[in-house]
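Sequences listed follow chains B and Y, in order. The first sequence begins at 79 in the working numbering and counts up by one. The second sequence begins at 4 in the working numbering and counts up by one.
Be careful, since some hints might not be right.
Here chain B is said to cover these stretches of chain Y; the calculated rule only asks that three of the stretch's residues, wherever they fall, bring their Cβ under 8 Å from a Cβ of chain B [claimed, not checked]: (1) 27-37; (2) 40-51; (3) 91-98; (4) 101-108.
I should point out that these hints are in silico values taken from the structure, not numbers from a laboratory. Here a beta-carbon is modelled for each residue, glycine too, at the ideal position from N, C-alpha and C.
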Amino acid sequence: NAGVMQNPRHLVRRRGQEARLRCSPMKGHSHVYWYRQLPEEGLKFMVYLQKENIIDESGMPKERFSAEFPKEGPSILRIQQVVRGDSAAYFCASSFRDTDGDGYTFGSGTRLTVV
Amino acid sequence: SQQGEEDPQALSIQEGENATMNCSYKTSINNLQWYRQNSGRGLVHLILIRSNEREKHSGRLRVTLDTSKKSSSLLITASRAADTASYFCATVKGSNYKLTFGKGTLLTVNP
Chain B
79 NAGVMQNPRH LVRRRGQEAR LRCSPMKGHS HVYWYRQLPE EGLKFMVYLQ
129 KENIIDESGM PKERFSAEFP KEGPSILRIQ QVVRGDSAAY FCASSFRDTD
179 GDGYTFGSGT RLTVV
Chain Y
4 SQQGEEDPQA LSIQEGENAT MNCSYKTSIN NLQWYRQNSG RGLVHLILIR
54 SNEREKHSGR LRVTLDTSKK SSSLLITASR AADTASYFCA TVKGSNYKLT
104 FGKGTLLTVN P
């Protein structure tokens, strides 16, 4: 009965490389949310996905960032051509249903460092 | 802009004392939640309080909500060294699923 699984836990990329962050929701959860936490900051909403659908990507930077949640497999947050400012902790949460914020379960996060 | 703002930014107390953290927000909300984050780790959901509730308890945690003042407080009684962590409040507006987090309070409980 694993919780939300994120991998890798730590990721180091050089400027200009691509970063792929994975999130496997809790069993039975079909709603996935990505949040970003910059150093010394609270978390900020990035994107909300259901299986094969992006529901709300209002928090995603317009360029270089994309997310998907395919029918099979984990949700992927992809950052192309990373820059130093992308260094942050990226958290994924999942829920069983469309929720008003209740019932979220967060993963342990992926800490991305861009060198 | 940040919806929730925690106060104080940092709090240091002795084991056994009570810790009180406050959160203020700007617009009307559906619910307010408190989370704990240990250093370098993920978020742990502590408690949720809805806009029509004034107080909730969970173990050593007590949360209050004052919608007229747009503020909430989290009280941890009889603190332990293991309570050392950052504590965040997060608000939800309407039936929206988005959590809007504050910057957190860093609580240090000294043994």
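Results of checking the hints against the structure:
1. 27-37: holds (count 3)
2. 40-51: holds (count 7)
3. 91-98: Since 5 is at least three, the answer is holds.
4. 101-108: With 7 residues closer than 8 Å to chain B, the region 101-108 of chain Y meets the three-residue bar; holds.
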